[in-house]
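Numbering (my numbering), first residue to last: 2 to 176.
Read the hints as simulated data drawn from the structure, not as lab findings.
With a cut-off of at most 30 angstroms between alpha-carbon atoms, the simulated DSS-like pairs for lysine-lysine come out as follows:
(1) Lys111 to Lys156
(2) Lys156 to Lys115
(3) Lys117 to Lys86
(4) Lys111 to Lys13
(5) Lys53 to Lys86
(6) Lys13 to Lys115
(7) Lys13 to Lys86
(8) Lys13 to Lys53
(9) Lys86 to Lys111
(10) Lys13 to Lys117
(11) Lys115 to Lys86
Predicted model only: the values in this text are computed from it and were never measured.
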Amino acid sequence: QLHDQLGYVPQKGVLFSGTIDSNLKFGGDHITDADVRGAAEIAQAAEFISAKPEGYNTPIAQGGSNVSGGQKQRLALAVNLVADKDIYVFDEATSNIDIESEAIIMDNIKAMSKNKSVIVISHRLANVVTSDNIYYMEDGEVRERGSHESLMSAKQGYARLYNCLLYTSDAADDK
Numbered sequence: 002q003l004h005d006q007l008g009y010v011p012q013k014g015v016l017f018s019g020t021i022d023s024n025l026k027f028g029g030d031h032i033t034d035a036d037v038r039g040a041a042e043i044a045q046a047a048e049f050i051s052a053k054p055e056g057y058n059t060p061i062a063q064g065g066s067n068v069s070g071g072q073k074q075r076l077a078l079a080v081n082l083v084a085d086k087d088i089y090v091f092d093e094a095t096s097n098i099d100i101e102s103e104a105i106i107m108d109n110i111k112a113m114s115k116n117k118s119v120i121v122i123s124h125r126l127a128n129v130v131t132s133d134n135i136y137y138m139e140d141g142e143v144r145e146r147g148s149h150e151s152l153m154s155a156k157q158g159y160a161r162l163y164n165c166l167l168y169t170s171d172a173a174d175d176k
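Turn these sequences into a full structure, and let the hints steer you where they fit.
What follows is the structure, given as structure tokens:
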């Protein structure tokens, strides 16, 4: 029953030998070609799939060893999205994905959260700023919980980390 309701996208997505299409339809017989293409769009995978000579019929080796890390992660994300679960856990799900695609994917995940329960686990604070609830962990323990605004107002660990990263990012941009 849990599997029927929960979609999990880990840091290192899993693909099976077959085709792109068979991987994306892994979630069940009810999945249509339109569902597959829609999920590929949301996961920013449609462009690279279309660029392949065989498109959605492109063979995938066991574990996705014949696609790049970013392509593999996009496909693993699409596999879960097309399954249309009630709850999604994205555990560093945008690792190995370029910043521009990551921003689009995170916008799509935020839009999903209007109709689905979404948990985002991320080291990249930009991915959680708009979350309803943020859990800040330190040394394996939850130390703070709240919205970005409330955590910033508390001026504790989350705010220090956020400001440190913001300052580091600004300094890097100035170079």
